[in-house]
Amino acid sequence: MTVEQLDHLSDSAVDQVLALSQAAGDTDGALPLSEHVVLHLRHGGEAQAVHLLARDAGGTVVGYAHVDTTDAVAGASAELAVHPLHRRRGIGRALAKAAIAVADERSGGRLRLWAHGDHPSASALAVSLGFDRARVLLQLRRSLFAPLDEVVLPDGVSLRAFRPGEDDAAWLAVNAAAFADHPEQGKWTLDDLHVRLREPWFDAEGFLLAFRGGELAGFHWTKIHGDLADHAHEPIGEVYVLGVAPGAHGGGLGRALTLAGLWHLRSRGLAQVMLYVDEDNRRAVALYQRLGFVRWTNDVSFQRGV
1 MTVEQLDHLS DSAVDQVLAL SQAAGDTDGA LPLSEHVVLH LRHGGEAQAV
51 HLLARDAGGT VVGYAHVDTT DAVAGASAEL AVHPLHRRRG IGRALAKAAI
101 AVADERSGGR LRLWAHGDHP SASALAVSLG FDRARVLLQL RRSLFAPLDE
151 VVLPDGVSLR AFRPGEDDAA WLAVNAAAFA DHPEQGKWTL DDLHVRLREP
201 WFDAEGFLLA FRGGELAGFH WTKIHGDLAD HAHEPIGEVY VLGVAPGAHG
251 GGLGRALTLA GLWHLRSRGL AQVMLYVDED NRRAVALYQR LGFVRWTNDV
301 SFQRGV
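Going by the numbering used here, the sequence shown opens with residue 1, and the numbers climb by one from there.
Hints were generated in silico from the structure; no laboratory data involved. Honestly, I wouldn't trust all of these hints.
Unchecked claim - Computed beta-carbon distance windows for the label pairs:
1) G247 x L190: 20 to 30 angstroms
2) G247 x S10: 41 to 51 angstroms
3) G247 x G59: 49 to 59 angstroms
4) D132 x R283: 22 to 32 angstroms
5) G58 x L172: 39 to 49 angstroms
6) Q289 x D56: 40 to 50 angstroms
7) L148 x G305: 38 to 48 angstroms
8) L148 x G247: 23 to 33 angstroms
9) P154 x K97: 44 to 54 angstroms
10) R290 x G130: 36 to 46 angstroms
11) A204 x Y276: 20 to 30 angstroms
12) S10 x V127: 33 to 43 angstroms
Every residue gets a Cβ at the ideal spot worked out from N, C-alpha and C, and that includes glycine.
Sequences are here, hints too, so could you generate the full structure?
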């Protein structure tokens, strides 16, 4: 199996990769490429990203790996997908080995390999190539038909919707502070925010900001996957990003913001809501479990050192 290495994809190749990802997701129950990767495929960016393509005899893309080499501290990060009709032919292994070669060349050999959905075959491949299981990202879900507690805001706190162009800088500052130790979320830039504000799913009414004395104290950005009017799959809501400023912890604001977002999603006629949280973030996991969330699936990051 020959793997083609590119620094830029044509529009046709991007379309094929996204179709491949959707086919894999429909088969596996979890999309193989993260939102971060999909957004960069669709909108461009990441000058240091490497695209690895495997094609069939007719030139159609049947395997893809995205290698992000921008993190000088943690090293490269890779995600890969193989079309369900072309599996068990060594394509995944060839892509993973090519990603390792990129990491050797551009990141000193360090590589994090993501397995979305934590499928046994992906784990077996990673372990066989010398990777260790390093991080687990939980996907939790909850029914929105189940009872919801009322929203009780801490004294002096008020909620309103995000105002694009007005709240950008304040939100970025609180997001960076709230997720200072998070490997991805705390590094968002203004461009990262604006890319998402331009997405078809963006709804300012579902982006809730909590203010105390004129200062942003926390936020709950919700998201809806799928079209409520016409979509092949039942739409589902998401606790997309929820954060509390470091100085506002301990007063129940996180719980109140979570509930406010859940009430908003219920008002949109949704039946279910999902979220992602690191398994070792015990405080957040406990909060969500108290609010009725249960484990649905896992995403796992495998680490290869030098």
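Against the structure, the hints:
no.: 1; hint: G247 x L190: 20 to 30 angstroms; verdict: holds (23 angstroms)
no.: 2; hint: G247 x S10: 41 to 51 angstroms; verdict: holds (48 angstroms)
no.: 3; hint: G247 x G59: 49 to 59 angstroms; verdict: holds (56 angstroms)
no.: 4; hint: D132 x R283: 22 to 32 angstroms; verdict: holds (26 angstroms)
no.: 5; hint: G58 x L172: 39 to 49 angstroms; verdict: holds (46 angstroms)
no.: 6; hint: Q289 x D56: 40 to 50 angstroms; verdict: holds (45 angstroms)
no.: 7; hint: L148 x G305: 38 to 48 angstroms; verdict: holds (45 angstroms)
no.: 8; hint: L148 x G247: 23 to 33 angstroms; verdict: holds (28 angstroms)
no.: 9; hint: P154 x K97: 44 to 54 angstroms; verdict: holds (53 angstroms)
no.: 10; hint: R290 x G130: 36 to 46 angstroms; verdict: holds (39 angstroms)
no.: 11; hint: A204 x Y276: 20 to 30 angstroms; verdict: holds (22 angstroms)
no.: 12; hint: S10 x V127: 33 to 43 angstroms; verdict: holds (35 angstroms)
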